[in-house]
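Work the whole structure out from these sequences, hints included.
Number of protein chains: 2
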Amino acid sequence: MKNILGREVPEFIEGYGKVTQYNGYLANTTGVMKKDYTFKTVTHKDSKLEKDLSKLMDKLPLRDGMAISFHHHLRNGDYVLNLVMAEIAKRGYKDITLVASSIFPCHKPLVEYMEKGIVTQIYAGYMSGPVAQAISEGKLQKPAVMHTHGGRARIMETGEVEVDIAFVAAPTSDEYGNINGVDGKSACGSLGYAHSDVENAKVVVAITDNLVPFPNTTIEINQTLIDYVLVVDAIGDPKGIVSGTTQITKNPIGLKVADLTAKFIEQSGYLKEGMSFQTGAGGISLAVAAEVKKLMKEKEIVGSFAAGGITGYIVDMFKEGLFKALFDVQCFDLDAIKSAKENAKHLKMSASMYANANNKGSVVNKLDIVILGATEMDTNFNVNVTTGSDGVIMGGSGGHSDTAAGAKLCIIVSQLVNARISVVKDRITTVTTPGETVDVLVTERGIAINPLRKDLIEKFKNSNLPIKTIEELKEIAESMTGKEQPIKFEDRIVAVVQYRDGSVVDVVRQIKK
Amino acid sequence: MKNILGREVPEFIEGYGKVTQYNGYLANTTGVMKKDYTFKTVTHKDSKLEKDLSKLMDKLPLRDGMAISFHHHLRNGDYVLNLVMAEIAKRGYKDITLVASSIFPCHKPLVEYMEKGIVTQIYAGYMSGPVAQAISEGKLQKPAVMHTHGGRARIMETGEVEVDIAFVAAPTSDEYGNINGVDGKSACGSLGYAHSDVENAKVVVAITDNLVPFPNTTIEINQTLIDYVLVVDAIGDPKGIVSGTTQITKNPIGLKVADLTAKFIEQSGYLKEGMSFQTGAGGISLAVAAEVKKLMKEKEIVGSFAAGGITGYIVDMFKEGLFKALFDVQCFDLDAIKSAKENAKHLKMSASMYANANNKGSVVNKLDIVILGATEMDTNFNVNVTTGSDGVIMGGSGGHSDTAAGAKLCIIVSQLVNARISVVKDRITTVTTPGETVDVLVTERGIAINPLRKDLIEKFKNSNLPIKTIEELKEIAESMTGKEQPIKFEDRIVAVVQYRDGSVVDVVRQIKK
Chain A
1 MKNILGREVP EFIEGYGKVT QYNGYLANTT GVMKKDYTFK TVTHKDSKLE KDLSKLMDKL
61 PLRDGMAISF HHHLRNGDYV LNLVMAEIAK RGYKDITLVA SSIFPCHKPL VEYMEKGIVT
121 QIYAGYMSGP VAQAISEGKL QKPAVMHTHG GRARIMETGE VEVDIAFVAA PTSDEYGNIN
181 GVDGKSACGS LGYAHSDVEN AKVVVAITDN LVPFPNTTIE INQTLIDYVL VVDAIGDPKG
241 IVSGTTQITK NPIGLKVADL TAKFIEQSGY LKEGMSFQTG AGGISLAVAA EVKKLMKEKE
301 IVGSFAAGGI TGYIVDMFKE GLFKALFDVQ CFDLDAIKSA KENAKHLKMS ASMYANANNK
361 GSVVNKLDIV ILGATEMDTN FNVNVTTGSD GVIMGGSGGH SDTAAGAKLC IIVSQLVNAR
421 ISVVKDRITT VTTPGETVDV LVTERGIAIN PLRKDLIEKF KNSNLPIKTI EELKEIAESM
481 TGKEQPIKFE DRIVAVVQYR DGSVVDVVRQ IKK
Chain B
514 MKNILGREVP EFIEGYGKVT QYNGYLANTT GVMKKDYTFK TVTHKDSKLE KDLSKLMDKL
574 PLRDGMAISF HHHLRNGDYV LNLVMAEIAK RGYKDITLVA SSIFPCHKPL VEYMEKGIVT
634 QIYAGYMSGP VAQAISEGKL QKPAVMHTHG GRARIMETGE VEVDIAFVAA PTSDEYGNIN
694 GVDGKSACGS LGYAHSDVEN AKVVVAITDN LVPFPNTTIE INQTLIDYVL VVDAIGDPKG
754 IVSGTTQITK NPIGLKVADL TAKFIEQSGY LKEGMSFQTG AGGISLAVAA EVKKLMKEKE
814 IVGSFAAGGI TGYIVDMFKE GLFKALFDVQ CFDLDAIKSA KENAKHLKMS ASMYANANNK
874 GSVVNKLDIV ILGATEMDTN FNVNVTTGSD GVIMGGSGGH SDTAAGAKLC IIVSQLVNAR
934 ISVVKDRITT VTTPGETVDV LVTERGIAIN PLRKDLIEKF KNSNLPIKTI EELKEIAESM
994 TGKEQPIKFE DRIVAVVQYR DGSVVDVVRQ IKK
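These protein sequence lines map, in sequence, to chains A and B. According to my numbering, the first sequence is numbered sequentially starting from 1. According to my numbering, the second sequence is numbered sequentially starting from 514.
Mixed in with the good hints there might be a few duds.
Partial chain A-side listing against chain B, Cβ under 7 Å, derived [claimed, not checked]:
no. : residue
1   : T20
2   : N23
3   : L26
Not the full set, but computed from the structure, chain A residues with beta-carbon under 8 Å of chain B [claimed, not checked]:
no. : residue
4   : M33
5   : K35
6   : T38
7   : V42
8   : H44
9   : P215
10  : I219
11  : T224
12  : F305
13  : K324
14  : K341
15  : N343
16  : L347
17  : S352
18  : A357
19  : S389
Worth flagging that the hints you see were computed from the coordinates, not collected in a lab. Just so you know, these numbers come straight off a predicted model, no measurement behind them. Quick reminder that beta carbons are idealized off the backbone N, C-alpha and C, glycines included.
The following block contains the structure:
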């Protein structure tokens, strides 16, 4: 069974269930809001505060087969997931579904829990490191579900995944669970991905290492959404919370790509008063931001907002008055965290507000321009950011598919050839983001416009930029790399790539050793 | 059938249904979260904006028997409820349930809609004026349900009332429904009561007279909760939005009550570092605030927070550093609105966060002291703020029962005798707030402590204050007023007084003409 993207996706996947095939990026426009659970109300006689993990665990409705959730704002510095899982493993629970917004190398202990059948199912929007490797090797009992950042909000709101207990790392909290991410030694900024958890899980535990007197006076998530507050020594390692990725590339090829991208944006007509903009934290993307900043200042353009994961580069643009507001779902560096604390117009947003395709309107719908990366792209502009050139999971959509679908101009920036591997291929390993939502590929060797964007092709007909077809780019690359050998996989499906609306765009199969 | 408060409440009430009898203020500690509806998602191709009420109405799922909701932040200056209801009436719909957080004299047109069977059921936390009068006269087909402010959040979260369409007056909005109450010509401050509507109604319409470019950079309620944005010329009359009640009493008897109250608080042990405080906007309550302010400054006490409907007096205390934060569910005057806009620690809270008895912990649970009024009180400290001395509805709990239940010290302040009517009676017309949650009555003739508060009685055994029993106060009053004639009612139940947990404390019957 091939879906409309030409990917072989069965109608039913063991451990996942019946598949809704991807049928176009706007095929599903039904919003569903479904909740049905009871809980113990917190009266004026009750306390939520607990200082001992084990005592807290005694109070929770732990059981085999439960679903528990975590957010990833502490990134590769997160202690919370490992802390909680160690206690659950010690207590002998099995068959747990882990609903983690993303998985990082620091979550390596999960590999053992997968091997022992303690964790048998994982939902995540992004995963890298040993857990991703182990999943590709077939160590997880059921297929992992790789959703988008907006898709995670959707599956929780619709009740498709019912989380029994959410464990929420809280850089600052009072005893009643008024929490924020901008204060405390483990500050991480916006808590955007945690909102779905606290709004939809049946029981919610805030875990903090910075307990402040009631009331906490900066509140991103409030007390009505929290059942318990657990105080621990440390929720994370500050060195890992802020990752080291937010540097402009120094690679001349990357800078060339950024320069071409900025020129393309300038000529596209989207660089104008009131424009909105998003870029990732990759080196080329940041270089594009630097170029766009220059152009906006030259032309005295003031944009409406920048969105997404926020970096210091975007904060600088905001501070210089180039954007009226920032919509922040997660902070990538210390400057972003500082700004999230200090600037009233540095607005925190939930993952649903950011990117949910099936709510009453997300911020990505209002995006003019988004700059995204790619591991691979095929000639239909389908993009892979899920698996690497070895076929192993090393990423995932995150907000990739969400912003691509929402933005008026979605530009993929990439070196055409890197380490003798071409980004453009006849067939990519995994489809993460459907080509119909991707408008342009910019490489150092030329720019390809998606034929679906007739308006852009017309506009750039006489451009001085190196406009080429995607096939031409592929040929240029192949002349440098030769034809690549296809990767060999086992039949077994180890991950399901869910589109933002809940349909399935592709599956990832077990790698052949 | 008499309930534990001695009130005659049937087990079943026509037009209301099966009654859960009041059985103690902490009898129901089960939280329920229930939603199940679908909606049309808003994609990047859709617009929410509408500039014509009639065209908007064409898009809404209007039907006979629907439930529609409104908030009361525009108070007696509100245009929105009348505007919408006129259009619905014009279209001939019948049997509508109106879920309005409060009803004011400006909503007089509802009387005609009640008479015509257009509106057959009303839920409200407070009502005064012609609509309240008409309900007391039996003009509403089904009994009105008079809930508390926190109870309104509860009935929406549990799905006991499913609102089909919420119409939300929005002093400022962008085209995507990011709204706030602090900007614009119809600014009203916090939008606390609107949160339940937008979070739980199936369809939500924001109605604004101040459309700003996307994104609105001050957001109290965000775009994910709004289906449509309707722009109109004016949502309210600023003169009515801010009511004229927020003045300290000049009446010497009232000032005497306030003085005694402050002294009682001082000696009670609750006036201390970190204390929290709430007072209403009545003249005596404000006079108490002024006295408490003096005491806090004298003793160099810094409180944690003040909560509730916020007035300029409370804002002044906050600005002078007497409280670390304000929790604001609604603003009563212009100074409060200004502060809600300018001060980051002037925190807006939803009605659920404020006062819902059946959530994961409300702010009233954290209150130390609350100062409340009363129309009548019986010798069991049960309080009536629902009906007047003529038996006609002229108020309702609002946050009265909620704060009384949550606060450590609930003080009722009242003149003992006013216009030849005693506040203390053998039998009060209606029970709004159960006596077990009321600690003290302070009058100009003496202070009565609820016998349930043995600790307070002990503490004030040797006080220099005029401590009396409630029976003594009643006798003093009766010696001045004589015995009152009981009010005569018809049998028909015109309103059900719902306690915050959904049980019924009392019913209001039709007045005899």
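| Holds or violated: N343/A as interface residue toward chain B, Cβ cutoff 8 Å? | Violated: closest Cβ of chain B sits about 10 Å from N343/A, beyond 8 Å.
| query | Any CB of chain B closer than 8 Å to the CB of P215/A? | reply | This interface hint holds because 5 Å falls under the 8 Å limit.
| query | Is the interface hint for N23/A satisfied, with its Cβ closer than 7 Å to some Cβ of chain B? | reply | Hint violated; N23/A Cβ to chain B Cβ min 15 Å, cut 7 Å.
| field | Given hint M33/A near chain B, where the shortest CB pair must fall under 8 Å | value | holds, 5 Å
| said: For the restraint on T38/A, tell me whether the closest CB of chain B is nearer than 8 Å. | reply: holds, 5 Å
| query | Can F305/A be said to touch chain B, with a Cβ gap under 8 Å? | reply | This interface hint holds because 5 Å falls under the 8 Å limit.
| chain B contact restraint for S352/A - C-beta distance below 8 Å | Interface hint status for S352/A: holds (6 Å vs cutoff 8 Å).
| message | Let's test the interface hint: is any C-beta of chain B closer than 7 Å to that of T20/A? | response | Since the shortest Cβ distance to chain B is 15 Å, the answer is violated.
| task | Let me know if the C-beta of A357/A comes in closer than 8 Å to any C-beta of chain B, holds or violated. | result | holds, 7 Å
| message | Quick check on the hint: K341/A CB to chain B CB, less than 8 Å? | response | Since the shortest Cβ distance to chain B is 10 Å, the answer is violated.
| message | Given H44/A as an interface hint, is its Cβ closer than 8 Å to any Cβ of chain B? | response | holds, 4 Å
| said: A closest beta-carbon separation below 8 Å is what the hint needs, so does T224/A meet it against chain B? | reply: Given a least distance of 5 Å, the restraint on T224/A holds.
Hint violations for this structure: numbers 1, 2, 14, 15 and 19, all remaining hints satisfied.
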